[in-house]
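Chains as they are written, first to last, in our numbering: chain W, 11 to 121; chain B, 4 to 120.
Honestly, the hints are just simulated from the structure, not real lab data.
Positions of the beta carbon are idealized from the N, C-alpha and C atoms, including for glycine.
Please note: incorrect hints may appear among the correct ones.
[Claimed, not checked] List of simulated lysine-lysine pairs, BS3-like, C-alpha gap at most 25 Å: (1) W:Lys19 x B:Lys41; (2) W:Lys67 x B:Lys73; (3) B:Lys41 x W:Lys54.
[What the hints assert, rightly or not] Away from chain W, derived, C-beta distances all over 10 Å, residues of chain B: (4) Glu47; (5) Gln72; (6) Leu108.
Below, each chain spelled out in residue letters.
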Amino acid sequence: NAGVTQTPKFRILKIGQSMTLQCTQDMNHNYMYWYRQDPGMGLKLIYYSVGAGITDKGEVPNGYNVSRSTTEDFPLRLELAAPSQTSVYFCASTHRNTEAFFGQGTRLTVV
Amino acid sequence: AQKVTQAQTEISVVEKEDVTLDCVYETRDTTYYLFWYKQPPSGELVFLIRRNSFDEQNEISGRYSWNFQKSTSSFNFTITASQVVDSAVYFCALSEGPGGGADGLTFGKGTHLIIQP
């Protein structure tokens, strides 16, 4: 069982570039989330989705966009990368009574 | 709004010592869930335990134990006879749903635990 898969694992972006962080899960989970983790801080919720076609903002959504066209995939889009978006990004999924399953994380550096 | 406070930024102990990581939470929900996650140096998040607000029984799993007290809004984590492999950042988290619900998990800032040989 693959669980939650994130790609890429590492990426360096230049200021102003755009990229998409991919997240896919094979557990048929309804709920999916994107978090970011900054040094010395806990994870903060960027966006979440309760099902295909439904997304909503979390605590820190500025500078990001998401889509949820299928149950399996929940990509996170950065349109104009800024140094403040340097962080580790985690995707997670859950369903009903399960605990959240996290991906391995994507370490993004914006220079 | 929900809030999780882990006042201990970093703890350093010598191997085989017992150590307790503190977690205090705030929520207006009557039903909620509390979690502990471990983040080893490799960076992944490892689920340790989940507790719902109606179950205040303490839990023991090997060298790990958890003390949930609603009266003090605390969910503390104790490692007995610590080992070097326990070195990691530990996060306490809170949510309205079993896995995060509609609003996801609210995390504390984490406690960096260092076990010295």
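Would the pair W:Lys19 and B:Lys41 pass a check requiring their Cα atoms to be no farther apart than 25 Å?
-> Judged against 25 Å, a Cα distance of about 19 Å means the pair holds.
Assertion that B:Gln72 lies farther than 10 Å from chain W (Cβ) | 21 Å, holds
Compare the distance between the alpha carbons of W:Lys67 and B:Lys73 with 25 Å, and conclude whether the hinted pair is satisfied.
-> Violated. W:Lys67 to B:Lys73 sits at ~30 Å, over the 25 Å cutoff.
CA of B:Lys41 to CA of W:Lys54, is that 25 Å or under?
-> Roughly 16 Å separates the two Cα atoms, so the pair holds.
Determine whether the non-interface label on B:Glu47 survives the test: each CB of chain W must be over 10 Å from its CB.
-> Answer for B:Glu47: violated, closest chain W Cβ roughly 5 Å.
B:Leu108 and chain W, when compared Cβ to Cβ, separated by more than 10 Å | B:Leu108 not clear of chain W: closest Cβ-Cβ about 6 Å, inside 10 Å.
Going through the hint list in order, the structure does not satisfy hints 2, 4, 6.
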